[in-house]
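Novice: The hints should help you fit chain L onto chain E, whose structure is shown.
The residues making up each chain are set out below.
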Amino acid sequence: MAKAQTSDTVPGQPHRLTIGAGYDIGKKMWSRFQHGNIDEIHLNFSRDNHSLSIFYGVENMPYATNRYRFQSTGRYFKIEYAYNFFENWGNMHNEINVGLRYAKSHFDYHIIEIQIINPRNPSEELTYYPRITLPNLHAQWLELTANIKVEILPRLYVELYISGKRFLSGTKPENFDLIYIPGFYQTNISGFGFGLGYGIAYHFGL
Amino acid sequence: MKKWWIWFAIASLLACERDDLCLQNPVIKINTIFLNGNNEKSPVDSLLVITASQDTLIPATHTDSTSFVPDPAQSGDTLIFKKVNGSFQYADTVLLNYNPGYRFVSKACGYKMIFTETNIELHRGNTSWIDSIRLITNSIDNDTITHIKIYH
Numbered sequence: 029m030a031k032a033q034t035s036d037t038v039p040g041q042p043h044r045l046t047i048g049a050g051y052d053i054g055k056k057m058w059s060r061f062q063h064g065n066i067d068e069i070h071l072n073f074s075r076d077n078h079s080l081s082i083f084y085g086v087e088n089m090p091y092a093t094n095r096y097r098f099q100s101t102g103r104y105f106k107i108e109y110a111y112n113f114f115e116n117w118g119n120m121h122n123e124i125n126v127g128l129r130y131a132k133s134h135f136d137y138h139i140i141e142i143q144i145i146n147p148r149n150p151s152e153e154l155t156y157y158p159r160i161t162l163p164n165l166h167a168q169w170l171e172l173t174a175n176i177k178v179e180i181l182p183r184l185y186v187e188l189y190i191s192g193k194r195f196l197s198g199t200k201p202e203n204f205d206l207i208y209i210p211g212f213y214q215t216n217i218s219g220f221g222f223g224l225g226y227g228i229a230y231h232f233g234l
Numbered sequence: 296m297k298k299w300w301i302w303f304a305i306a307s308l309l310a311c312e313r314d315d316l317c318l319q320n321p322v323i324k325i326n327t328i329f330l331n332g333n334n335e336k337s338p339v340d341s342l343l344v345i346t347a348s349q350d351t352l353i354p355a356t357h358t359d360s361t362s363f364v365p366d367p368a369q370s371g372d373t374l375i376f377k378k379v380n381g382s383f384q385y386a387d388t389v390l391l392n393y394n395p396g397y398r399f400v401s402k403a404c405g406y407k408m409i410f411t412e413t414n415i416e417l418h419r420g421n422t423s424w425i426d427s428i429r430l431i432t433n434s435i436d437n438d439t440i441t442h443i444k445i446y447h
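In the order they appear, the protein sequences are chains E and L.
Each position in the first sequence, counted from 1, maps to that position plus 28 in my numbering.
Each position in the second sequence, counted from 1, maps to that position plus 295 in my numbering.
Errors might be hidden in some of the hints.
[As the list claims (entries may be wrong)] Computed far set for chain L versus chain E, every beta-carbon distance over 12 Å:
#1 C317
#2 D359
#3 T373
#4 M408
#5 I409
#6 E416
#7 S427
#8 N433
#9 I440
#10 H447
[As the list claims (entries may be wrong)] Pairs of lysine to any residue residues, derived as SDA-like cross-links and limited to a Cα-Cα distance of at most 20 Å, are as follows:
#11 E:K200 to L:K324
#12 L:K324 to E:N149
#13 E:K200 to L:G405
[What the hints assert, rightly or not] Footprint (simulated), chain L over chain E, 3 or more residues, beta carbon under 8 Å:
#14 72–83
#15 136–144
#16 202–210
Think of the hints as simulated: they come from the structure by calculation, not from any bench.
Keep in mind it's a predicted model, so treat the numbers as computed, not measured.
Built from N, CA and C at the ideal position, the CB exists for glycine as well.
Chain E on its own, in the form it takes in the complex (with noise of 0.2 Å):
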């Protein structure tokens, strides 16, 4: 009995299932900001010190620079293993977790509008407004993540993690690149990303 207490199972139900439930503030804040929006949802199945996650989020962002801009809609999922480092004392159910995230992005690319220096006079600048879609665009990459969670309230949990992400495949859009990746965002020649955020979870006990 006395074992089963300092332990971060609760008393009398070793090995319980906890279903959580969460949702990104982070990343809808910082699309908003952006003038875009992303939704991410997990779904979160542990037992003992050991979670399987499962994510899906939904995204329609903006991307601009002085040369060209762009719109990224589409959606993506991860499928997340991590081990919580975490010893409670008594009924408390924090957790550190450390975890790797498998993730694959399906999206599309409207290319809203374009700036090309002109060849004959190198001072002007042209502007062409395509309206071209590049449909059927997919990504995968993996992430190596660190949470923290707290539980503020009985069974609600507030969130913060960082990630590193490395870059696996992606099909390249003709005449463009893979510039933008929901889920993944900017790409870099060196294919590797970073993410942080918070968000905000339930926990079901069963």
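Specialist: Relative to the frame of chain E, chain L by itself:
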């Protein structure tokens, strides 16, 4: 504290972008080739290329090559090739048609102008000097290769 800066430096390096060279203009390069049987480039005393949108674009003296940039606002140019021999001018007209378009270069550079579906028509003048004219490629997207060869 020191370790935090090391991680920050690594993250900064991983997120770096390629430093692209964005200047690569689509330029039509023209070579004049004297038909002496060797198919070699041959200079003419004075080659004048005149377009409708820009007069006397390339006055070249004793040259075997010249170049000009197509007009992205047009779908073609009328080029008058003049060879000057003392006080006498030989002239031929070449109709050059092209389709302006754009090609993506890189994330940093964006798009560049290109010209595709290029074709040429030679209209001989009364004082013709061109034997034949040949379009080497019907896509103009750089300034490094010869696009038109004039045999005379």
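Novice: Taking the numbered hints from earlier one at a time, note which ones the structure violates and give those numbers from smallest to largest.
Specialist: 1, 4, 5, 11, 14
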